[in-house]
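Asks: Following the hints, put chain B in place on chain A, whose structure we already have.
This is what each chain is made of:
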Amino acid sequence: MHNRLKVRTTEAQKAAADREKEKKLQLYRKSLKNVFEHRSHGDHDDLALKSSEGLLRSNPDIVTLWNYRKEILLRLNPSKEMIEEELYLTEKCLQVNPKSYSAWYHRNWVLENVDPNPDWNKELLLCTKYLKMDERNFHCWDYRQIVALKCQEPHENELKFTLEMIESNFSNYSAWHYRSKLFSAAGKDEESTKISELSLVESAAFTDPFDQSAWIYQRWLIGKLEPSKYIYNASIIESKIYLILNRNLPNNYKIIGLDNNNWEHFDSKIWFKEVDCVDNIEIKIINELNQVEDKILINNIRQDIFNFIISEQLQLVMKAQLDSLQQLLEMEPESKWALLTYVLLLYTLKPKNYFEKCIENLKLLKVIDTLRKNYYNDLESRYRIENWIANNNSTEFVTLKGYGLTAFYHMHMFLFSKHIDLSDNDLSKSNLNHFKYLTMCKHLSLKNCQLVNLNNFPALQNLEIIDLRENQIQDTSWEELKKCKLLKSILVDNKQTVTEKILQGIIQSININDE
Amino acid sequence: MEDDLPSKYEVIVIGTGMTESIVAAAASRIGKRVLHLDRNDYYGGMWASFTFEALQKWLDECRNGKTEGSVKTSSPLVQDSEKSVTIGNQFSTVFNIEEKWFIPEKLPSVGNLLSAKNTQTEDSPKESKDKQNETEATLKYNDKLWCQAKLKSLGRKFNLDLAPKLLFSRGTLVELLISSNISRYAEFRCVNRILTWQSDKLETVPCSRADVFATKNVGLIEKRQLMQLLTLCVEYKPENDEFKGFEDKTLKQYLESKGLTENLMHYVLYAIAMSNDTTPCMVGVERTQRFLSSLGRYGNTPFLWPMYGTGELPQCFCRLCAVFGGVYHLKRAADSVIVENNECKAILSDGSRLDCDHLVLGVADAPPEFLGSVPKSGLSRGIFIIDRSISTTDKESLTLLQFPIKGKEPITVIEAGPSTHVCPSGLYLLHMTTKQIDNAINDLKPAVEALLHSEYADGTTSRIDTDTQATQTPKEGDSSATKTEFVIQNEALKPQVLYALYFNCPETSEYDLSQNVPSNVHLCSGPDLEVDYEFAVKQAKSIFSKMYPDSEFLPRAPDPEELSLEVDEAAGPPFQSSEEPKEE
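Those protein sequence lines, which keep their order, are chains A and B. When we follow UniProt numbering, the leftmost residue of the first sequence carries the number 1, and every step to the right adds one. When we follow UniProt numbering, the leftmost residue of the second sequence carries the number 1, and every step to the right adds one.
Hints in this document: simulated from the structure, not taken from any laboratory. Predicted, not measured: the structure shown is a model, and the values here were computed from it. Cβ atoms here follow ideal geometry from the backbone N, Cα and C, with glycine treated the same way. Do not rely on the hints blindly, as some may be mistaken.
Dumping the calculated DSSO-like pairs for lysine-lysine here, alpha-carbon to alpha-carbon at most 27 Å [said to hold, decoys possible]:
{"#": "1", "chain 1": "A", "residue 1": "132", "chain 2": "B", "residue 2": "395"}
{"#": "2", "chain 1": "A", "residue 1": "132", "chain 2": "B", "residue 2": "216"}
{"#": "3", "chain 1": "B", "residue 1": "216", "chain 2": "A", "residue 2": "336"}
{"#": "4", "chain 1": "B", "residue 1": "237", "chain 2": "A", "residue 2": "336"}
{"#": "5", "chain 1": "A", "residue 1": "229", "chain 2": "A", "residue 2": "418"}
Derived Cβ-Cβ restraints for the label pairs, each shown as a range [to be verified]:
{"#": "6", "chain 1": "B", "residue 1": "263", "chain 2": "A", "residue 2": "429", "range": "44 to 54 Å"}
{"#": "7", "chain 1": "B", "residue 1": "201", "chain 2": "A", "residue 2": "128", "range": "26 to 36 Å"}
{"#": "8", "chain 1": "A", "residue 1": "326", "chain 2": "B", "residue 2": "179", "range": "17 to 27 Å"}
{"#": "9", "chain 1": "B", "residue 1": "559", "chain 2": "A", "residue 2": "333", "range": "44 to 54 Å"}
{"#": "10", "chain 1": "A", "residue 1": "157", "chain 2": "B", "residue 2": "263", "range": "43 to 53 Å"}
So here's chain A without its partners, still in its complex pose (with noise of 0.2 Å):
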């Protein structure tokens, strides 16, 4: 037969494909150091504008080669062709890689910089037929925040949009942030958003409850609920007014309440000032606007400082989320995420032994999801701390004593503790810097800790007694204790390697007891 189509081989073609790339590489080497003979010539003309162009169309990410462009478009005072064929460059480079950081830089920069008339709703339609191609790329998603900005385009149609592309796909994190953005934004109506925003939720959580991306959408809903009160506790002790805050003062509130307002911070939750002899004052704090945020008289305490505001309305929602989430886990006991979710919940709204089934289900989740075990063992430590404060109406007597509690929360809350028994928790991964807050504790026990090191053990300046026994601390951190001056007592046994005479140079008052 004449003239038969015949098929390369293999070999010929990767020869052919090999020549072909090294005549590239040869191409892209001249022409990049033709590039930087032009800089450093200091041209700043049209041509040097189109040496990078091959470049970069073939190789979008030279950041330096963006840079030049810059350096010549603002020099040049370019046209309005000009301007059009750079934002048609960097159009083809996005083609080329979509996730190109400078790309995308620099065609804002144009835009921003250069463009006289910048046309923003064009660039909003771009982004739109953009992500209806790739609906998860965040480098667009990211543009179009700046875009839907410049071009005030209204919040209603860009949540219609991202409501849009959730229905296509809701496996988008890049969507659901956009929506929590525009809603920050709107700051308006945050009530009603939040129903229907968790129904949305909801929808996603039944259909794929082991996807990820909407249940953190619904954990920022719920964790914009902000906790109720911000003093947990006023009191005077040795001439010094004390005002442990739950949570950090904004810088534009005040304190008010004494005769002035010079009080100090410990840190921005811990405020004292000197008093003289003061009773039955109340302590409010006011925001910028002068609306008092809180209140509470002298020596008292807040045993309630955990509760969250919530509404009426949004409580039956949440409760009613709480029922839909409990058949789901009826249906998928082992979603993870379900089971997390209710347990936020429930601590949320605090139902009737909530405390018991939160603690229930964080056990069954260290079970299905070994790999964050630490995690909710340190949820759970935070829950434990938070049940005991709830629980208590002083905080000199503390006994945290076998709760398994591997970090700490809240220390500061315990500023005013003398005895702290926080004897059989596991605290080999905690940090023991977070005891600084213990500074009246005269009595701490650690006894049965865990703990191999007494690395950052902070200088407690009222600490006589502590008991280590029944841990294995080496032999190197015990100098620590040293800072601590007025320790009067450590408690060691004779499973630390300890030696008599280590710790006979950290206290001088030597009353080693070595039961």
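Replies: For chain B alone, coordinates are given in the frame of chain A:
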């Protein structure tokens, strides 16, 4: 007769139906000399797509039968030891053809309308003004009214399929098109909507994750149940016990055991598993798996639809066959098959003897004695040209609906619009296919009555405007729309049938076609009942492997840049790459 065709081939294929074309391509691809004949002036046979005019011509031929050339029983080309077997008549297999128009031949002119109105009403200045407005409205409205003349004038914009079928996105045909590199010859569009008929109305079936998430038709618990069930089916492997005890039960019984709501049962059974009340459980599971595994590859449903109609597909394979040297001759009939000792030696065509090692024949062209007792019936088909979609949304949809019929096979309904280039804009094409029980009209009646407005429309009845119908649907809580009003309005929203065609044709997929043929003759079925092409591909593969057991079936065809032309003697024009050189 003068004939410049070479006279010796390794494979002669008669008929350009789907299976025949795949076999032709596969044989040509491995270097066999292939001759591919079709007596028609179009490709595809019973798999063809027609313009409106071509459809009319086809119908005429079916009604009249084709005039047969006188076939000589003895010919100098046939040796004594050989027997000449006359080829069959493709058109004698199409029955019960019913063609109906529902619109006038021509639209009444505006003048006529006006005078008709004049006789009814007394003139008063106010009315006359009203009338004027009315006339203007009519004039405008005429654009949206259809008559036979107008439809025929747009006849070239139709691609009316004799065998409408869809491709599973991960079905064997899609994989074959990709692996053989034939996909470059075709364009596809995703089916974007699966509908079902439940409680006397059309509902969109949530079949993908996104659908389940977005749908408001099912509750939260149902969403989970549905997803759980679908996951179960996707992940099912024979070694797990999920379906234990249901091996000899129906899918319906299994679904009932899972405590699904009626709503979900319906979606799963009729739409996703594409089954009915009697489908065995494991068959249903397999179908569900097939459905689900094709989801999300190209779109939100598992199906692709070929642009310009399904008739394009056989042509794609023919094109590959030709690229690798296959010889094509349309409008060329084979007259008889020459058989010796239960072996086909050659065919006679237009007075020439064409020798072959293998003969591949479509059933439509097969001599009656090769067919034996192959059934002459099987499929009930309906083609409807309608003036709007059966369920309008703001975007044009491409729809599959398995219309359930109690106790019987469902009616497969495919609706395609102008963007797939199968009909002019403003119209939709509705295909119905089901198993023949009685005849096409009666078999398809339930779906036609439920979905379509098939009364004669004289072109003056005011119909709700297609463009605005979406906004006309009464909103929930709209107190003014009582239930009766809603039903009436619904009736008015149904698409008007402009033209309907019914016919029956044979379905031979369940019949062993190798029973009565010479050893090297291979018969190919016509279109089968299933919605996809699995059967045709499977049959083509098995025919190919019978002919060439040791050769690869349609290996990847090289791209133009991978080819070089080997020139022996007289050099032809150099081979030119059809693709533009790539940008640097």
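Asks: Evaluate each hint against the coordinates.
Replies: Checked hints:
no., hint, result
1, 132(A) to 395(B), "holds, 16 Å"
2, 132(A) to 216(B), "holds, 23 Å"
3, 216(B) to 336(A), "holds, 26 Å"
4, 237(B) to 336(A), "holds, 25 Å"
5, 229(A) to 418(A), "holds, 25 Å"
6, 263(B) to 429(A): 44 to 54 Å, "holds, 51 Å"
7, 201(B) to 128(A): 26 to 36 Å, "holds, 33 Å"
8, 326(A) to 179(B): 17 to 27 Å, "violated, 49 Å"
9, 559(B) to 333(A): 44 to 54 Å, "holds, 53 Å"
10, 157(A) to 263(B): 43 to 53 Å, "violated, 34 Å"
Of the numbered hints listed earlier, those contradicted by the structure are 8 and 10.
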